Amino acid sequence: MDAVKSKFGFEINQGRHIDMDRIDTRLADEISAHVRSWKACLNCGSCSATCPGGVGLRSLLLKLSTLGELTTLDTCLLCGKCFLVCPRGISTRYLIIQIIKKRREYGKAV
Amino acid sequence: MTNQPDIRRVDVRRVAVIGAGPAGMAAAGSLASLGIAVDWYEKDPLTGGKLHDYYQLFPDRVRASEVLPELESKSGKSLITKYLGRTISEIERHPGGIVLKNGSGSCGEADAVILATGFDFFDARLKEEFGYGIYKHVITSVDLERMLPVGKDALRRFGKDPATVGFVHCVGSRDEQVGISYCSRLCCITGIKQAIEVSEMFPAAKVYNFYIDMRAFGQGFEELYRKAQEEHGIRFIRGRVSEASEDREFRIRVKAEDTLMARPLKVTVDWLVLLVGMTPSCTEVTLDHAEKQQEFIKPENPLTSNAVRGMPGVFAAGCCTGPMNIPESVASGRAAALQAYDYLTRDR
Amino acid sequence: MEKLFDPFVLPFTVGFSFLVLWFVYKIVRWFISLRGDDMKLVITGLFSLKTLQALVETVNESLLHRKVFRNNSRLGYMHMSLAFGWFMLILIGNIESTYYSGNLFKPIYVSVFWRFFDPGPSFPQAMIQPGFAFWMDLFLLLVLSGLGFAILKRFRSRIMGMKRTMRHEPADRLALAALWMIFPARLVAESMTCGANGTGSFLTGSLGYLFSRFFDPSSSILPSWWIYSFLLGFFFVLLPFTRYAHIPSEPVLIFFRKYGVRLSPGSAGYTDLSLTACSSCGICINACQLAEAAPGRPVQSSYFVRSVRKNRVPDLQYECLICGRCEAACPVGLELMPMRQNTRPDLGIGSRATITGKLGRNGHPRRILYFAGCMTHLSPGIIRSMSSIFNQAGAIWEFYDADGQACCGRPLKLAGQVDAARNIRGKLENDFSKSGADLLVTSCPICYRIFNEEYNLPGIRVLHHSQYIRDLLEWNRIKVESSIQNAVYHSPCELGRGSGIESEPREIIKALYKADLTPDIEGLCCGGSLGGPGIDLATRRAVARGAVEELTHGDPDVLITACPLCKKTFSAISRIPVLDISEATAGQLIKPNALPERKKQQGNHHKQAVAVG
Numbered sequence: 004m005d006a007v008k009s010k011f012g013f014e015i016n017q018g019r020h021i022d023m024d025r026i027d028t029r030l031a032d033e034i035s036a037h038v039r040s041w042k043a044c045l046n047c048g049s050c051s052a053t054c055p056g057g058v059g060l061r062s063l064l065l066k067l068s069t070l071g072e073l074t075t076l077d078t079c080l081l082c083g084k085c086f087l088v089c090p091r092g093i094s095t096r097y098l099i100i101q102i103i104k105k106r107r108e109y110g111k112a113v
Numbered sequence: 035m036t037n038q039p040d041i042r043r044v045d046v047r048r049v050a051v052i053g054a055g056p057a058g059m060a061a062a063g064s065l066a067s068l069g070i071a072v073d074w075y076e077k078d079p080l081t082g083g084k085l086h087d088y089y090q091l092f093p094d095r096v097r098a099s100e101v102l103p104e105l106e107s108k109s110g111k112s113l114i115t116k117y118l119g120r121t122i123s124e125i126e127r128h129p130g131g132i133v134l135k136n137g138s139g140s141c142g143e144a145d146a147v148i149l150a151t152g153f154d155f156f157d158a159r160l161k162e163e164f165g166y167g168i169y170k171h172v173i174t175s176v177d178l179e180r181m182l183p184v185g186k187d188a189l190r191r192f193g194k195d196p197a198t199v200g201f202v203h204c205v206g207s208r209d210e211q212v213g214i215s216y217c218s219r220l221c222c223i224t225g226i227k228q229a230i231e232v233s234e235m236f237p238a239a240k241v242y243n244f245y246i247d248m249r250a251f252g253q254g255f256e257e258l259y260r261k262a263q264e265e266h267g268i269r270f271i272r273g274r275v276s277e278a279s280e281d282r283e284f285r286i287r288v289k290a291e292d293t294l295m296a297r298p299l300k301v302t303v304d305w306l307v308l309l310v311g312m313t314p315s316c317t318e319v320t321l322d323h324a325e326k327q328q329e330f331i332k333p334e335n336p337l338t339s340n341a342v343r344g345m346p347g348v349f350a351a352g353c354c355t356g357p358m359n360i361p362e363s364v365a366s367g368r369a370a371a372l373q374a375y376d377y378l379t380r381d382r
Numbered sequence: 003m004e005k006l007f008d009p010f011v012l013p014f015t016v017g018f019s020f021l022v023l024w025f026v027y028k029i030v031r032w033f034i035s036l037r038g039d040d041m042k043l044v045i046t047g048l049f050s051l052k053t054l055q056a057l058v059e060t061v062n063e064s065l066l067h068r069k070v071f072r073n074n075s076r077l078g079y080m081h082m083s084l085a086f087g088w089f090m091l092i093l094i095g096n097i098e099s100t101y102y103s104g105n106l107f108k109p110i111y112v113s114v115f116w117r118f119f120d121p122g123p124s125f126p127q128a129m130i131q132p133g134f135a136f137w138m139d140l141f142l143l144l145v146l147s148g149l150g151f152a153i154l155k156r157f158r159s160r161i162m163g164m165k166r167t168m169r170h171e172p173a174d175r176l177a178l179a180a181l182w183m184i185f186p187a188r189l190v191a192e193s194m195t196c197g198a199n200g201t202g203s204f205l206t207g208s209l210g211y212l213f214s215r216f217f218d219p220s221s222s223i224l225p226s227w228w229i230y231s232f233l234l235g236f237f238f239v240l241l242p243f244t245r246y247a248h249i250p251s252e253p254v255l256i257f258f259r260k261y262g263v264r265l266s267p268g269s270a271g272y273t274d275l276s277l278t279a280c281s282s283c284g285i286c287i288n289a290c291q292l293a294e295a296a297p298g299r300p301v302q303s304s305y306f307v308r309s310v311r312k313n314r315v316p317d318l319q320y321e322c323l324i325c326g327r328c329e330a331a332c333p334v335g336l337e338l339m340p341m342r343q344n345t346r347p348d349l350g351i352g353s354r355a356t357i358t359g360k361l362g363r364n365g366h367p368r369r370i371l372y373f374a375g376c377m378t379h380l381s382p383g384i385i386r387s388m389s390s391i392f393n394q395a396g397a398i399w400e401f402y403d404a405d406g407q408a409c410c411g412r413p414l415k416l417a418g419q420v421d422a423a424r425n426i427r428g429k430l431e432n433d434f435s436k437s438g439a440d441l442l443v444t445s446c447p448i449c450y451r452i453f454n455e456e457y458n459l460p461g462i463r464v465l466h467h468s469q470y471i472r473d474l475l476e477w478n479r480i481k482v483e484s485s486i487q488n489a490v491y492h493s494p495c496e497l498g499r500g501s502g503i504e505s506e507p508r509e510i511i512k513a514l515y516k517a518d519l520t521p522d523i524e525g526l527c528c529g530g531s532l533g534g535p536g537i538d539l540a541t542r543r544a545v546a547r548g549a550v551e552e553l554t555h556g557d558p559d560v561l562i563t564a565c566p567l568c569k570k571t572f573s574a575i576s577r578i579p580v581l582d583i584s585e586a587t588a589g590q591l592i593k594p595n596a597l598p599e600r601k602k603q604q605g606n607h608h609k610q611a612v613a614v615g
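Residue numbers (my numbering), protein chains in the order written: chain A, 4 to 113; chain B, 35 to 382; chain C, 3 to 615.
It is worth saying that the hints were derived from the structure and are not from the lab. Only a predicted model underlies this, so the values are computations on that prediction, with no experimental measurement involved. Ideal placement from N, C-alpha and C gives every residue a C-beta, glycine not left out.
Quick partial rundown of chain C residues pointing at chain A, CB under 7 Å, derived from the structure:
#1 I351
#2 G352
#3 A355
#4 C376
#5 L380
#6 L532
#7 P535
#8 D538
#9 L539
Under 7 Å between C-beta atoms, here's a sample of chain C residues computed to sit facing chain A:
#10 L349
#11 G406
#12 Q407
#13 C409
#14 P413
#15 L414
#16 A417
Excised from the complex, chain A in its bound form:
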């Protein structure tokens, strides 16, 4: 690091950036294979907005597809409102069930 700083005059902050070369998307890919419509997500946020259980579904799904991280859905009521408002018609409830099933198979978040 010091060598970099002295030669180029700046540091490379390793903490924040997403290293797309290193992300393991196998988990997200497996789940996408079950629920193909997920790939059409616009990230519009209607799902998170309407959720009575306070689940931030949009960001949860985004983290999963971008970072391969799997978080918990233990406040989800499975009420289905997210599916009713989704403009791309994604089967959100099924996605949630598949995610939890996979989580059980693979253990906790990566």
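Following the hints, put chains B and C in place on chain A, whose structure we already have.
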């Protein structure tokens, strides 16, 4: 064998233009300039289409009331016969020409037809979760456009200026829940324009625009977007509104997610404006053998022809082929006129 | 009479003995793996009138297949002729052989192959004599006619009134082939014997006579009986591993069920019995709307049962609407809905879900608690209408989930998350009891069902809003004016079939509209069901379109439903307006006071461009 058009032949031919909005006005005017007689049909008692309902047009905020007479003057030629208040419901091709029918039978004939039947706005009652028709202070962009020229009183509640106004983008567009998967193109810029207009009328008000993607594609659009942010302090929130409800003071509570902040939000507004998309006109004419592109009329070949597929001699222009703004509709009308002319005059 | 034995009886005897041993083993297993209370029910029931009732039901359903007849007489005849016909052949064969041999206790094969040992009365006189031979021939003909229909059904099912038949697996197909060959083989064997001896009644005698005209049947006797015996034995050996295990198990199921045993997550024995009793008849496939909307997806109950029997719960099972139409149509009366739910694993979703509701106004008596339901918040027209109705009726009411942050818990339960649902139930039971209300009105049939069936709410009556509105109309607490329009009513799965609330909404419609054009069919599913998370939007739309088409044959002006989910699902595709029953009522309320109410819109109206081309 000459390359000149047979003018004598052309003189007895007639083209029917159906629709007197911007595209129809341009088509009729262009045909008349080329020396072709036009039978011009319009279901309303006036020409001009929806221009009568608009206030200021984006991006330069020219008044629609000033643009209308200009367009009309180009279509006031003597070769044009107007049939106002007439609806054509069906077109049928016969060996000798094209027959136009209304509900009770044949009402006209032509050698070529230009369809310029335009569009309808999406019925916001279909998105019931926004409460249009249920909550008093939920209106559409169409309603707002009519309220703006009236002045501040139209938007005051109980004599007081509105403190907060919200705009919802993509109502009836890009939405599988209502079966409309396309983008209506012009609602984003409409939202920006109206946000600026409201903000000018009530400088103290907070104005929020809830969008998914900001489509400011045209000339001057992006500049207007920036103006809205910088000069008028319009707050653009990237997040689609999921539902609205009413509180005790009849203000509207909006639920959305600020996706960039990754947090759900709620805000209470005095007016919620739904930016409704464009759908094919319900006074659509039935054609035999025609195809529709996502319910709009599909041209035979978008690159080379405005003719309706499978119906030679029938051309389509303007918003009946898809969402367009006024300059695009006008250009489309002129292009269709030229193609109709070509169709009539070429050797067959 | 010579010794009643020939080596050809061995295949049959071996197969049959195997079958009997298997059956005894299974009955014992099923019984001992019942839950304790269920075992008691069976033992006490055994010596009661219920046994007689179960016997009657067995005759009615296992033999005569009356339920299938009610649905479709061709199909009913087919099943009945095979089952009842075969049963009568066995019964009369037994009586015949006992009568002629004078011996009640004889080896089982004797009555089965009696015609071999005793060729019977002479032909053609036997044709007109109403003796055993005549009845045996008659019932054999009955079975063969059924067989003919069965073959027809497999190749041209539409003639038999079934749009689709089940696709069977190799083992089932083999057993099917064996079964189909058994009765023709019997006919041939008996006819050979009759032909060689100049005996037989109208069927076997005629055929035997015909044989004798072309060759000497006597040399063909033994081979044909060997074939018949072998087919029987083969079928019996296969039976426990195929769909035909249904034959012995259905009566057992009928008896246990009559004694009061029901399916529950803990009852492995009864579940196994239920699974075995499924005959793979495919009537459920016919009743399932997904057969049209998602053709080729083996989601229907017969496929589901088959998979579970092999210890494989298909992932497809999340694609079932849990609408109950298959359950309603099943001739065996299997509890298909509980079976589906019990196999959905509890994944721990929603384990920390919390809900909040509003119980304000201390000291104010709260007689009625209104629970809209989470989905209803996406249909504010319903909430607005109920508000008008409550106020018009002068009710003292409180809107518990005004913030839209509550849920009844049933969606979790339908997806298998039983624990999470129980937690939510606890919270709501607590809040409802504290509220001081004596009436709980809900707008959502899903909520109604779980409140009614599972919640413990002492002193609180639970009503769906259609029941409440009907009561208001009956007691003249509200008045409505009648419209000149015709309406059709869609019965939501959870309200009609699920909770038995059918008459109340129809009474309201009668008061509101000129004519009720609801067709007399088993209630349809709108496609929006929460029961099937794996069903995609396109398939749901297809189900909805099919349902609307069937509902609107009589050309009604408006489609009325009583569920926010049905309303949303239909509104997206219906050409006529779709209204909830509360909206229809509120729109036609006659108000004594002069407050100008905004004219109710005609409901959601999906504009379709005029058809082109």
